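Residue numbers (numbering that gives the first Met the number 0), protein chains in the order written: chain A, 0 to 420; chain B, 0 to 137.
FYI, nobody ran anything at the bench for these hints, they're computed from the structure. Hints should not be assumed to be uniformly reliable.
[Stated by the list, open to error] Pair ranges (Cβ atoms, derived):
1) B:Pro136 / A:Arg7: 57 to 65 angstroms
2) A:Ser344 / B:Ser43: 31 to 39 angstroms
3) A:Asn308 / B:Glu128: 51 to 59 angstroms
4) B:Ala71 / A:Lys227: 19 to 27 angstroms
5) B:Arg135 / A:Ser224: 29 to 37 angstroms
6) A:Trp5 / B:Lys78: 25 to 33 angstroms
7) A:Asp309 / B:Ser7: 53 to 61 angstroms
8) A:Lys260 / B:Asn6: 56 to 64 angstroms
9) A:Glu197 / B:Asn123: 55 to 63 angstroms
From a predicted model like this one, the values you see are computed outputs, not experimental measurements. Ideal Cβ placement from N, Cα and C applies to all residues, glycine included.
This is what each chain is made of:
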Amino acid sequence: MQKSKWSRGVAVVGAGMSKFGAFPEKTSRDLFVDAYLELQSSIDKGFDPKRIQAFYLGNFSSDQFEKQSHLAPILASWIGISPVPSIRVEDACASGGVAIRQAALAIASGEYDVILVGGIEKMTDLHISAVTEALATAADTQFEIPAGFTFPGFYAAMATAYLKEYKADREAFYHVAIKNHKNGALNDKAQFGQSITEIMENKKQRAAQKGRSVPEWQDEIEFLSDPKGNPNIAWPMTLFDCSPVSDGAAVALMVAEEIAKDFTDSPIYLIGSGQASDGALPDRDTLASIPAAQEAGRRAYAMAGLNPNDIDFAEVHDCFTIAEIMAIEDLGFFPYGTGWKAAMSGKTARDGEHPINTSGGLKAKGHPVGASGVGQLIEIWKQLRGIAGERQLPGGPKIGLTHNVGGSGQTCVVNIFERRD
Amino acid sequence: MADYTMNSKDFFTALSNETLIGSRCIDCASFTIPQRKICPKCHSLHTEIIKYSGSGKLVAFTVIFVPPVMMAQAGYDGKNPYCVGIVELDEGPRISAQILDVDIQRPENIKIGTKMQMTTITRNEGYIEKSFLAFRPT
Chain A
0 MQKSKWSRGV
10 AVVGAGMSKF
20 GAFPEKTSRD
30 LFVDAYLELQ
40 SSIDKGFDPK
50 RIQAFYLGNF
60 SSDQFEKQSH
70 LAPILASWIG
80 ISPVPSIRVE
90 DACASGGVAI
100 RQAALAIASG
110 EYDVILVGGI
120 EKMTDLHISA
130 VTEALATAAD
140 TQFEIPAGFT
150 FPGFYAAMAT
160 AYLKEYKADR
170 EAFYHVAIKN
180 HKNGALNDKA
190 QFGQSITEIM
200 ENKKQRAAQK
210 GRSVPEWQDE
220 IEFLSDPKGN
230 PNIAWPMTLF
240 DCSPVSDGAA
250 VALMVAEEIA
260 KDFTDSPIYL
270 IGSGQASDGA
280 LPDRDTLASI
290 PAAQEAGRRA
300 YAMAGLNPND
310 IDFAEVHDCF
320 TIAEIMAIED
330 LGFFPYGTGW
340 KAAMSGKTAR
350 DGEHPINTSG
360 GLKAKGHPVG
370 ASGVGQLIEI
380 WKQLRGIAGE
390 RQLPGGPKIG
400 LTHNVGGSGQ
410 TCVVNIFERR
420 D
Chain B
0 MADYTMNSKD
10 FFTALSNETL
20 IGSRCIDCAS
30 FTIPQRKICP
40 KCHSLHTEII
50 KYSGSGKLVA
60 FTVIFVPPVM
70 MAQAGYDGKN
80 PYCVGIVELD
90 EGPRISAQIL
100 DVDIQRPENI
110 KIGTKMQMTT
120 ITRNEGYIEK
130 SFLAFRPT
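Just chain A, with the same shape it has in the complex:
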């Protein structure tokens, strides 16, 4: 593969995140401070905020969620790094991943040596119907939303196309949810700290305590297949096929490769990055995959000079379970039409051939949309540095990939990171 190079290498030397979840007592700036403090303590050789030269913030819509636009300079001022240039990056749910890429390009250009890159969303202050309306603005509000589509609906429609095209088993979706909840249960930052088995058993216990008839679910699949345990949201996407509405922030310190060792002896390096765009769902040739993801992946692999099989693990954009299945095909980990079988046979588990979403993914970790892309980098940082705790992948993984999608696939950005010994 032809290797394309930026004129200057880029490294990540620190990373931190707030807990993801619903935090009525916190605003965006409080979540951001949580993440920033963790970042500071993650920098091995100490950190002087005066070295930050610019701030890139991935944020989908604080204007709708908190009635606050122009959030980047406000957060910069809040942590005392004004007057550094502060830029909000908006590409819907891909805002965080795109902010990372934009920060990297700004370092590669030579303009800056040290950039603070963040992602943030504070979604739970609004009523769920208002959250749905806000998210809908990431789609084509003239020609898609008036038809009655919702975001779960877009992915559900892609799921029907996928199921039909590959004669796939709908149960495969449940296996994605089960695996990601299992991983999320090992992540103290995750919104859902429980496996689906635990959630099922809790529901049985509560029914027993309240003197109701106890559901006879034998296993997770029976529980997930029962609309009483797992109601339809947008058929065939059920409640447990959907990522939650979340608050959260994540930040990373990105620097020019030649100064990375000033901050730590074990930086991770951004070695591949690609981004692509697309039109609304009806304008695409296929509905059973996300063409922008395939294209972004192709560009990132080309830059890194790597193939899908060189990737040790990946954090992919599982806003819905079908999205993870399409992602592992679009990224080339599994051939088209086989991702659902891979999900069912454990190939994407922590001990599988392609570990996917060891953090719990958006599904279990939470999906504060503008923060999600940077949240993915946090997991790569932890796994590559061997500090992922109970969910640490064995054997010292060296290469991790992030895949961050905006809307129903109008934006996709793929970043590849490497640990060097």
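Fit chain B to the known structure of chain A by using the hints.
Frame of chain A; chain B shown alone:
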């Protein structure tokens, strides 16, 4: 089709007259819906408004149990869900629309590939009654 312009609002004006319009590129013969001044395939400005027959087939769908505000105001909820899908017109392009007269209670019985014909459905948008695109099986 001189009555309608390339401005996107005219798509809905046409719809209120039970007419489904789009455009055709005179240079590369590709169709688009809604109508566009610039052909997205070959970038030509040599495009014209056309009227679609309104017949096509279902290529993807979902049944929505948790509706957005607009659809909730139209009376839909978890007990009264609705189908929305993507229809491929006989002329080629695809469009999103509400799908009427399908087995909402058993979505597994709704089949991709089902032949569809365009209709319109009136919903309130704020205080204004507006025509929206819909399809039903033929």
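Structure-inconsistent hints, enumerated in ascending order | Failing hints, ascending: 2, 6, 7 and 9.
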